[in-house]
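So you can see what is in the structure, the chains are spelled out below.
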Amino acid sequence: DTAVSQTPKYLVTQMGNDKSIKCEQNLGHDTMYWYKQDSKKFLKIMFSYNNKELIINETVPNRFSPKSPDKAHLNLHINSLELGDSAVYFCASSQWTASYGYTFGSGTRLTVV
Amino acid sequence: AQSVTQLGSHVSVSEGALVLLRCNYSSSVPPYLFWYVQYPNQGLQLLLKYTTGATLVKGINGFEAEFKKSETSFHLTKPSAHMSDAAEYFCAVTQMNRDDKIIFGKGTRLHILP
Chain A
20 DTAVSQTPKY LVTQMGNDKS IKCEQNLGHD TMYWYKQDSK KFLKIMFSYN
70 NKELIINETV PNRFSPKSPD KAHLNLHINS LELGDSAVYF CASSQWTASY
120 GYTFGSGTRL TVV
Chain B
192 AQSVTQLGSH VSVSEGALVL LRCNYSSSVP PYLFWYVQYP NQGLQLLLKY
242 TTGATLVKGI NGFEAEFKKS ETSFHLTKPS AHMSDAAEYF CAVTQMNRDD
292 KIIFGKGTRL HILP
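Residue numbers (our numbering), protein chains in the order written: chain A, 20 to 132; chain B, 192 to 305.
Watch out, some of these pointers could steer you wrong.
Quick list of in silico lysine-lysine cross-link-like pairs, DSS-like style, CA-CA up to 30 Å [said to hold, decoys possible]: (1) 249(B) <-> 59(A); (2) 297(B) <-> 86(A); (3) 28(A) <-> 63(A); (4) 60(A) <-> 259(B); (5) 90(A) <-> 240(B); (6) 60(A) <-> 41(A); (7) 260(B) <-> 90(A); (8) 86(A) <-> 28(A); (9) 90(A) <-> 41(A); (10) 63(A) <-> 260(B); (11) 60(A) <-> 297(B); (12) 259(B) <-> 71(A); (13) 38(A) <-> 260(B); (14) 90(A) <-> 60(A); (15) 297(B) <-> 41(A); (16) 259(B) <-> 90(A); (17) 260(B) <-> 28(A); (18) 41(A) <-> 240(B); (19) 260(B) <-> 86(A); (20) 259(B) <-> 28(A); (21) 41(A) <-> 86(A); (22) 28(A) <-> 71(A); (23) 41(A) <-> 63(A); (24) 240(B) <-> 55(A); (25) 259(B) <-> 41(A); (26) 249(B) <-> 60(A); (27) 38(A) <-> 297(B); (28) 28(A) <-> 60(A); (29) 240(B) <-> 297(B).
Derived from the structure by calculation, the hints contain no laboratory data.
This is chain B alone, in the form it adopts within the complex (with noise of 0.2 Å):
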């Protein structure tokens, strides 16, 4: 069974500092991972995805991730951040089959200190 755990359910940066949101996934095949945001009373996004190829992956709003096989994780990174990046985050995981579905982490809350 495919499943996804996010390290800190709240984490702090301040506005201009680098953003690292952690994210290690379990799967028995070839994962296809995601990252989405959540703003308040807000729909989720896509903020990019690894399906296949390059592991260094690049999304909306500056973000990006690597995919790194070996340690299992997908770690999100941003080099400086935003007040508008203040948001719910989720890694998420899923593969390639016509019945299955995406499963989420818990969520990390940005919050950014002025």
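Just chain A, same shape as in the assembly (with noise of 0.2 Å):
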């Protein structure tokens, strides 16, 4: 049983369409988030979620929105995609706190062309 799944793995999509990655954690943990991890490697924070609550939202293009319909599960829906959002976008879970640290989801690489 994969404990953060993400889906779909690759994602290749034309300029201006709308798309959604889900990501579903069977851990039980308590808290879930969204990075963007870009071309060099660099990951950066993009939302957090603790038991539906939205906590951390840093500065994301409004294109951006996230979902938690329960605590298992955190989606991420991307609005007029642009070349500028193509990265692997990673969905990780911590128990309660980041100070547990996180499992992470195999990532969703997303191209737009």
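Fit chain to chain and form the complex, with the hints in mind.
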């Protein structure tokens, strides 16, 4: 059983489209996160949710909207995709706070053409 | 604000040689420190973490790291490199608050030479 699973693994789409990435964790963790990894491997946090409550909302274009229907799921919807959105998006989860460390999903490679 | 600096974006060592990846952190409060490894086309995997207590932390795959408060360092070592250790390594820091996140360094790519 995969602890943190993301779908899809690869996503190729045209500029202007809207797309969603889904994340699910079966670890019973309370907090989930979205990170963006750019082409230079730099990891930057986007959002975090604790038990369905938005905790962290970094400076991210409002075309990005997270949704957490329950504490085991955190989805990321992106409107009007731009070339600069191309990156690998990682979902992660932790027990209550980040100090416990994260368990990462395997990532979604988004390519906007 | 917390931050992490990894010295050297690329490090090459011969198979069987000592691996040393350097990490310095900045934190105004006691830090929680991590090393993660990322193999190609995969997510990040936790190697080890320091919370409190013993300053020498042992992790998976024979890696260990030592927390040195006076030097604000958390260097990662392995006595003998293996070809399978070739990957990207990230040092990271956080603190114990509900609204905190893990801040990652820029990564060090470890190359193993045969």
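Here is what the structure says about each hint:
1. Of the supplied pair hints, the one linking residue 249(B) and residue 59(A) holds, its CA atoms being roughly 28 Å apart against a limit of 30 Å.
2. As the CA atoms of residue 297(B) and residue 86(A) are separated by approximately 28 Å, the hinted pair is consistent with the 30 Å bound.
3. The suggested pairing of residue 28(A) with residue 63(A) holds, with an alpha-carbon distance near 19 Å, which does not exceed 30 Å.
4. A threshold of 30 Å between alpha carbons decides the hint, and for residue 60(A) with residue 259(B) the separation of about 27 Å falls inside it, so the pair holds.
5. Between residue 90(A) and residue 240(B), the direct Cα distance comes to roughly 25 Å. Compliance with the 30 Å bound is thereby established for this hinted pair.
6. The suggested pairing of residue 60(A) with residue 41(A) holds, with an alpha-carbon distance near 21 Å, which does not exceed 30 Å.
7. Between residue 260(B) and residue 90(A), the direct Cα distance comes to roughly 36 Å. Violation of the 30 Å bound is thereby established for this hinted pair.
8. For the suggested pair residue 86(A) and residue 28(A), the alpha carbons sit about 19 Å apart, so the restraint of at most 30 Å is met.
9. At roughly 13 Å between alpha-carbon atoms, residue 90(A) and residue 41(A) fall within 30 Å of each other, so this suggested pair holds.
10. The suggested pairing of residue 63(A) with residue 260(B) holds, with an alpha-carbon distance near 26 Å, which does not exceed 30 Å.
11. Pair hint residue 60(A) plus residue 297(B) holds up; C-alpha atoms about 7 Å apart against a cutoff of 30 Å.
12. A threshold of 30 Å between alpha carbons decides the hint, and for residue 259(B) with residue 71(A) the separation of about 37 Å lies outside it, so the pair is violated.
13. Between the alpha carbons of residue 38(A) and residue 260(B) the distance comes to roughly 45 Å, so the proposed pair goes past 30 Å and is violated.
14. With a C-alpha separation of about 28 Å, the suggested pairing of residue 90(A) with residue 60(A) holds against the 30 Å cut-off.
15. Restraint check for residue 297(B) and residue 41(A): the C-alpha separation of about 26 Å stays at or below 30 Å, so the hint holds.
16. Distance check on the hinted pair: residue 259(B) and residue 90(A) sit about 36 Å apart at the alpha-carbon level, beyond 30 Å; violated.
17. Of the pairs offered as hints, the one joining residue 260(B) and residue 28(A) is violated, with about 40 Å between alpha carbons and a cut-off of 30 Å exceeded.
18. Between residue 41(A) and residue 240(B) the CA atoms are separated by roughly 28 Å; this keeps the pair inside 30 Å, and the hint holds.
19. For the given pair, residue 260(B) sits about 39 Å from residue 86(A) by alpha-carbon distance, which is inconsistent with the 30 Å threshold.
20. Note on residue 259(B) and residue 28(A): the hinted pairing is violated, with a Cα-Cα distance of about 39 Å set against a maximum of 30 Å.
21. Restraint check: the Cα-Cα separation between residue 41(A) and residue 86(A) comes to about 10 Å, which is no more than 30 Å; the hinted pair holds.
22. With a CA separation close to 24 Å, the supplied pair residue 28(A) and residue 71(A) stays within the 30 Å bound.
23. For the given pair, residue 41(A) sits about 18 Å from residue 63(A) by alpha-carbon distance, which is consistent with the 30 Å threshold.
24. Between residue 240(B) and residue 55(A) the alpha-carbon distance is near 22 Å, which keeps this suggested pair within the 30 Å criterion.
25. With a CA separation close to 40 Å, the supplied pair residue 259(B) and residue 41(A) exceeds the 30 Å bound.
26. Taking the CA atoms of residue 249(B) and residue 60(A), the gap is about 25 Å. The hint holds against a cut of 30 Å.
27. Taken as a hint, the residue 38(A) and residue 297(B) pair is honoured in the structure, with Cα atoms around 28 Å apart against an allowance of 30 Å.
28. With a C-alpha separation of about 17 Å, the suggested pair residue 28(A) and residue 60(A) falls inside the 30 Å cut-off, and the hint holds.
29. This hinted pair checks out: residue 240(B) and residue 297(B) have alpha carbons roughly 18 Å apart, not beyond 30 Å.
Hints 7, 12, 13, 16, 17, 19, 20, 25, counting from the list given before, are not met by this structure.
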